[in-house]
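When you get a sec, could you build the whole thing from the sequences and use the hints?
Top to bottom, those sequences are chains A and B. Heads up, the first sequence is in the numbering used here, so the first residue is 146 and it goes up one at a time. Heads up, the second sequence is in the numbering used here, so the first residue is 489 and it goes up one at a time.
Calculated from the structure, these hints are not laboratory results. Heads up, some of the hints might be wrong.
In silico contact screen, one side only, chain B against chain A (beta carbon under 8 Å); selected entries [to be verified]:
(1) L491
(2) Y772
(3) A781
(4) I871
(5) R874
(6) L878
(7) V882
Here the structure is a predicted model, which is why all the values come from computation and not from measurement. Cβ coordinates follow ideal geometry from the N, Cα and C atoms, glycine included.
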Amino acid sequence: MDFSFSSDQQLLKNSARAFLDEHVKPALVRSLIDDPRGESEALWKEMAQLGWLGLSLPEEHGGSGLGMVETAILLEEMGRAALPAPYLPTILAARAIAEAGTPEQQQRWLPAIATGSARATIAFLDNDLSWDLSTATATRAVGAPDRWRLSGAKRFVPWAHVADVILVPARSQKGLSLFFVDPSTAGITMSPAPLMDVAGRWSTLALDQVSVTEMLGPSGQVGALLNSVVLCGAVGAAAGMLGAARRCLDMAVSYAKVREQFGQPIGSFQAIRHKCAEMLLEVENSHAATYYAAWALDARSEDHAVAASVAKAYVGDAARKVCSEAIQVHGGIGFTWEYDLHLYFKHAKALEAMYGDGDHHRELIVRQVAG
Amino acid sequence: MDLNYSPEDVAFREKTRRWLEENVPRQDLKTLDERKAWHRTLYEAGYVGMLWPKEYGGWGATPMRQAIVQDEMARIGAPPPINGLGIGFIGPTIIVHGTDQQKQRYLRKMLTAEEIWCQLYSEPNAGSDLASLKTRAEDTGDHFVVNGQKIWTSSGPIADWGILLCRTDLKVPKHKGISCFLLNMRQPGVEVRPLKQITGHSLFSEVFMTNARAEKDDLIGRLSQGWEIAQTTLGYERGANSLGRVTRYAISYHQLVHAAKELKRGGRPLIDDPVVRARLGKMYAELEVQRYAGLRVLSGLNKGETPGAASSITKLSYTEFEKRFYETALEILGPWGQQMVAGEDFEEVDTSSGEPGTFATAFLWSRAGTIYSGSSEVQKNIIGERVLGLPKEVRADRIAR
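In structure tokens form, the structure reads like this:
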């Protein structure tokens, strides 16, 4: 039993922190706000060189074969930096391909993802925004064994505008299936669906008789695959929120040490100090929840699904609280556009709604532990 | 990072479980003698004093093993050992600060519960501000004479000995004039009056000392070193109960789920109500996070790390959780949850004290955790100052001197 990071894991964390502190300063995040792509190609290539893009991919496809714990370590640091990049959607799609793809599909996409030449995403949500994909997916796939036409609407697809491939869940005659979709195919209308988060980009996809020829995973039976990818997304999002929350806590504590009112640093007042202590408690509990769940996914432990839901539900609430309280500690300056707190506050908020929000995961928990 | 238990710890858990299944008393323990006998059985089996060094009669086990024992005891609903304060931190204090003579005289009888110990720290006017305590000990040459009043003393009526903080020097700042003694509770100058708690039970008391006698040999450490000693003992939480505590919550949780399936409102079981489900889901998530955080602390302890001020985070976390948990339970159960005697439809629940009761008892008990051993507010001060490094507050007693 060892809950602390191994020396390799600690090294990964330290190098990620150092890289992001140097290359992803708030000024860079801000500079991408009005950029049409919203991400930096140079940065993506550097992340590939650092081995981040292939971190969890099999070694035969150019990856490092590491697990969810290492992925969460990176995602925490990325959340801490509010890094604008399609990292999580790309690795989730890669994970699905690594798990269920044919050798040809894996060969086509995984090395390209690991080297940074391809980005990918998954269009999970239909119009009703339900994460119960097996029941809620309304997008339909009509056709024969090797050619289908997809019609429907997909909402809040992360980073679809820069993706080289979009995995689209749709209901075929056989049931829930997953399709490789080339975003440039005729019949796809993609429009931006901007949210308040400045570190993420989303699109709405209208699919009208979109011709596709390739499926991922067993026809009509990808419910389990998608659920497992959503759980990885949930833990990944928890890690990102944890990072954002830790950043906000650090900023609040630093500010409380130097900001003076009534002739004293405001951190000496119990009203502020107790707030900071409560924030630290939430951050430490979120750390335990995130990494327990990440380990459980890697170990395929009996409780891995519950643990993933626990992490997403708990950290979502905790990060929202910590980031908001950081604004409160700062007072007026925390409410300004110029001050950086809102970058992390908004980023955590966006992740809170993705891969199942708290209500969704709390219901999943009750289904598993109470029936 | 590897959260699997080692094969040795898994085997140890199995062995402990089997031993408990064979040895846990079938009937409730009613008298102190029966509880002492059970304690003795646990001790001889190696399940009490586990963290104590072997040279003092302990078992030199790892924190993990101790947590496993507590966990298995919670799982099977075994009656807890007694003398928890003694074994948990008065003994360790004597081990660290005591003389050889004190170790010889007190430790073994403490472990075997031949002598029961209590803690004489809080006073009516010295709660969170413990250092302002007023109980005096005056040197008469041969011994010290103690006068004053203590309060919130757990195990007071059954205690043979107490660890006492009292003022021995009035001329120095308040933290500097305090000494620590071991006080014989069985003497004419010591009177114990039980206090009735909001649960209706009397597990703690007031202690009045009127010309009570403290021997010079029973001074712990040096004269006026008491505050420093008290600081180390207050921080002596070694995660022993980190697993057992959560297992108790989990058992209560499943009893709550069971009740929510049985009870109907508006013609349908409570468990089908989405509002109830949302509450249950939230509580389970919080409960599991307590478990994960407990494992994290335990794994650090097991590697010999000392949590220091960070143990305040643990204490704050689980005591505040416990309040929210039983509040939620009573919201779901309505008046059923407020029964002080278990009805036919309701099983007994283990309260945080390890005593059986109803959800109402556990709910009432949960109010204690955020007050004892340093209230939540004191813990937040410690976290703020010593973990986050926030500036000290300006306090009248700091300015004055």
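Hints, verified against the model:
1. Interface hint at L491/B: satisfied, since its Cβ lies 5 Å from the closest Cβ of chain A, which is below the 8 Å cut-off.
2. Given the 8 Å rule on beta carbons, the hint for Y772/B holds: about 5 Å separates it from the nearest Cβ of chain A.
3. About 4 Å separates the beta-carbon of A781/B from the nearest beta-carbon of chain A, less than 8 Å, and the hint is met.
4. Interface hint at I871/B: satisfied, since its Cβ lies 4 Å from the closest Cβ of chain A, which is below the 8 Å cut-off.
5. A distance limit of 8 Å between C-beta atoms decides the matter here; for R874/B the minimum to chain A is near 10 Å, and the interface restraint is violated.
6. At its closest, the beta carbon of L878/B sits 4 Å from a beta carbon of chain A; the interface hint therefore holds under the 8 Å criterion.
7. Nearest Cβ of chain A to the Cβ of V882/B: about 6 Å, under the 8 Å cut. The hint holds.
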